[in-house]
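Peer 1: If you want the building blocks of each chain, they are given just below.
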Amino acid sequence: MKILVTVKEVATVEDEFEIEGTGIADQYLGADLNEWDDYAIEEAVQLQEAGVADEVVTVTIGPEECEQTIRQALAKGADRAVRIWDDSLEDVDLLDVGAKTEILSAVVEEEDPDLVLTGVQAGDDSFGATGVSVAENLGYQWGAVVNHLEHGFDDDAASVRRELEGGVEELTEIELPAVLTIQTGINEPRYASLRGIRQAQRKELDVKALADLGIDESAVDSQLELTDMYEPESESDVTTWEGSPEEAAGELAELLRDKGVAQ
Amino acid sequence: MTDILAVTDHRRGELRDVSYEIITAGRQLANETGGDLHLAVISGTVDEFAEKLNREGVDAIHTVDYGEEFNHDVYAQAITQLYDELAPQYVLAPNSVNGLDYAPAVATQLDLPIVTDTIALETDGETLIATREMYGGKVETTNELEGGAVATIRSAEWPQAEGTGDAAIEAFDADIDEDAIGSTVNGFEEVGGGDVDITEADVLVSVGRGIEEEDNLPLIEELADALGATVSSSRPIVDNGWLPKNRQVGQSGKVVTPDVYIAIGISGAVQHVAGMKGSDTIVAINTDPNAPIMDIADYAIVDDLFDVVPALTEAFQ
Ligand SMILES: Cc1cc2nc3c(=O)[nH]c(=O)nc-3n(C[C@H](O)[C@H](O)[C@H](O)COP(=O)(O)OP(=O)(O)OC[C@H]3O[C@@H](n4cnc5c(N)ncnc54)[C@H](O)[C@@H]3O)c2cc1C
Numbered sequence: 001m002k003i004l005v006t007v008k009e010v011a012t013v014e015d016e017f018e019i020e021g022t023g024i025a026d027q028y029l030g031a032d033l034n035e036w037d038d039y040a041i042e043e044a045v046q047l048q049e050a051g052v053a054d055e056v057v058t059v060t061i062g063p064e065e066c067e068q069t070i071r072q073a074l075a076k077g078a079d080r081a082v083r084i085w086d087d088s089l090e091d092v093d094l095l096d097v098g099a100k101t102e103i104l105s106a107v108v109e110e111e112d113p114d115l116v117l118t119g120v121q122a123g124d125d126s127f128g129a130t131g132v133s134v135a136e137n138l139g140y141q142w143g144a145v146v147n148h149l150e151h152g153f154d155d156d157a158a159s160v161r162r163e164l165e166g167g168v169e170e171l172t173e174i175e176l177p178a179v180l181t182i183q184t185g186i187n188e189p190r191y192a193s194l195r196g197i198r199q200a201q202r203k204e205l206d207v208k209a210l211a212d213l214g215i216d217e218s219a220v221d222s223q224l225e226l227t228d229m230y231e232p233e234s235e236s237d238v239t240t241w242e243g244s245p246e247e248a249a250g251e252l253a254e255l256l257r258d259k260g261v262a263q
Numbered sequence: 001m002t003d004i005l006a007v008t009d010h011r012r013g014e015l016r017d018v019s020y021e022i023i024t025a026g027r028q029l030a031n032e033t034g035g036d037l038h039l040a041v042i043s044g045t046v047d048e049f050a051e052k053l054n055r056e057g058v059d060a061i062h063t064v065d066y067g068e069e070f071n072h073d074v075y076a077q078a079i080t081q082l083y084d085e086l087a088p089q090y091v092l093a094p095n096s097v098n099g100l101d102y103a104p105a106v107a108t109q110l111d112l113p114i115v116t117d118t119i120a121l122e123t124d125g126e127t128l129i130a131t132r133e134m135y136g137g138k139v140e141t142t143n144e145l146e147g148g149a150v151a152t153i154r155s156a157e158w159p160q161a162e163g164t165g166d167a168a169i170e171a172f173d174a175d176i177d178e179d180a181i182g183s184t185v186n187g188f189e190e191v192g193g194g195d196v197d198i199t200e201a202d203v204l205v206s207v208g209r210g211i212e213e214e215d216n217l218p219l220i221e222e223l224a225d226a227l228g229a230t231v232s233s234s235r236p237i238v239d240n241g242w243l244p245k246n247r248q249v250g251q252s253g254k255v256v257t258p259d260v261y262i263a264i265g266i267s268g269a270v271q272h273v274a275g276m277k278g279s280d281t282i283v284a285i286n287t288d289p290n291a292p293i294m295d296i297a298d299y300a301i302v303d304d305l306f307d308v309v310p311a312l313t314e315a316f317q
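Going down the list, the sequences are from chains A and B. So for the first sequence, the working numbering puts the first residue at 1; every next one is plus one. So for the second sequence, the working numbering puts the first residue at 1; every next one is plus one.
Among the hints, a few may not be true.
To be verified - Chain A regions said to be covered by chain B (calculated; three or more residues, Cβ under 8 Å):
1) 6-17
2) 76-90
3) 155-167
Simulated from the structure, these hints should not be mistaken for laboratory data. C-beta: ideal position from N, C-alpha, C; glycine also.
Just chain A, same shape as in the assembly (with noise of 0.2 Å):
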């Protein structure tokens, strides 16, 4: 069985930070690799241990700078990699999930894998429908927010939780080939050990433009609009205890004590 993954760079953003225009300024943000797809990533290793899957494959949407994030990938095991980048997505200020699926469903049908690992959602601008638009793209099954697969895969079919509200979980039987958007939790994402990461840097990282996925460049354009960013207004009038921690901690005893809390 083959695996593909999609693996985002996500953009972290400072405690104090400042917005220019309808983006954050550069200098308060970093970058990570996506939470979400970190167990996605685990997810398809665990299954190529199991001897289930015999490639594992990532892809990004991404400019030069992630390559850094996509090594973390191959670090834990992954053993190969596609970066998708174009000077016509350079100005982008936000891919939509039209675009995105465009994008990866390209990827997809060229690497025609039997099982595509998402995660649930992106930390940066959490749209959570990428993996699931893909697959209807494409005439795959799929199954979003699963927060467990088994790995004996019988009759070509995924049996996984769907993790829903509340504490329940949904127990669901889903044909191959198929995306799933894939939940915290799942499992424990390993570090990257020292000998990962070197091996990592000789692993295959392709590079590709739109073009030689045979993407027309409008295909990319969004058709959702950002038009502005702002901080939330505070709708609360929260108290906040200035001074020390020892002062600030006394004055929340003090509250605790009046609210009956420990007598």
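Following the hints, complete the assembly by docking chain B with the ligand onto the known chain A.
Peer 2: Just chain B with the ligand now, kept in the frame of chain A:
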């Protein structure tokens, strides 16, 4: 073409609250466009559901009597067929786990853009302006879409529709292609029973990723002991296996309503807040003055938990 089609949500025989909220969201858009609000209720005891959903502002309710429980293929087929028949401008779905399991497929099939997890919507009939959050709630954005669209709405952002309506309730004879159903739901399981019931606690000391390591958890346990409180947590603590699942507060965990909820090193992501916003008094201990938890906290200490928590524990010993 200015009508709205809103899809309702139910599970194990019960309509979920968001089904009444989506009526409010849909009615608001329909008022703005001068169109009608159509509801879809798919699978389960649809006639019973339709009666309950017949609240003020609903023009028509389309029932699709097929199967007991949610199946995304059935939903996707029924909704796209309803769309073809009704030609609405916008399709609204809940941003629930099930909504996210069919809405993107519906958008793709209908070749419409999708905007998820919206917290406000506005339209002039041509352009949809959707408000949503990014970076875990640190910022809000407005997003514009032209023409038709699929939008999913965050729960508890719109009030629940009330009153009694006079909607036309019509059975919709969806032509469900069984060969195209590629997944089968085999049942449900409740998780997270066990030692402690955090929903019963009067005081919760709740710990999040700010605690950094499992080895630091005793700090929180000592505080809970000193206060006679119970320890709960945000999701990452449970994901890491540091606390059992029955301690998780939030959308996929437990909904708690203690007298006092002390959120320590918890950012206040929407899925966490969904589980604790009903607490009487909320106290946040967090180094980030802009963390979303501050928006719902009554009291806050903006400082390092590794300094504040021991001092607080000491104050009670
Ligand atoms: C479908 C779905 C369902 C989910 N269900 C749930 C759920 O039920 N419950 C839930 O909790 N989450 C849930 N989540 C996850 C949720 O989106 C967040 O990822 C999670 O709540 C974040 O947990 P956190 O606040 O502990 O961590 P973070 O968001 O990482 O926040 C850590 C906080 O600690 C603060 N901090 C760091 N160091 C210190 C220090 N030394 N002193 C003081 N403060 C410090 C930081 O400023 C930050 O605010 C769900 C997500 C999805 C997609």
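Peer 1: Decide, hint by hint, whether the structure agrees.
Peer 2: The hints, checked one at a time:
Here the stretch 6-17 of chain A counts 6 residues with a CB under 8 Å from a CB of chain B, which clears the bar of 3, and the coverage holds. A stretch counts as covered by a chain when three or more of its residues have a beta carbon under 8 Å from one of that chain; for the stretch 76-90 of chain A and chain B the count is 0, and the coverage is violated. Three residues within the 8 Å Cβ limit are the bar, and the stretch 155-167 of chain A against chain B gives 7, so the coverage statement holds.
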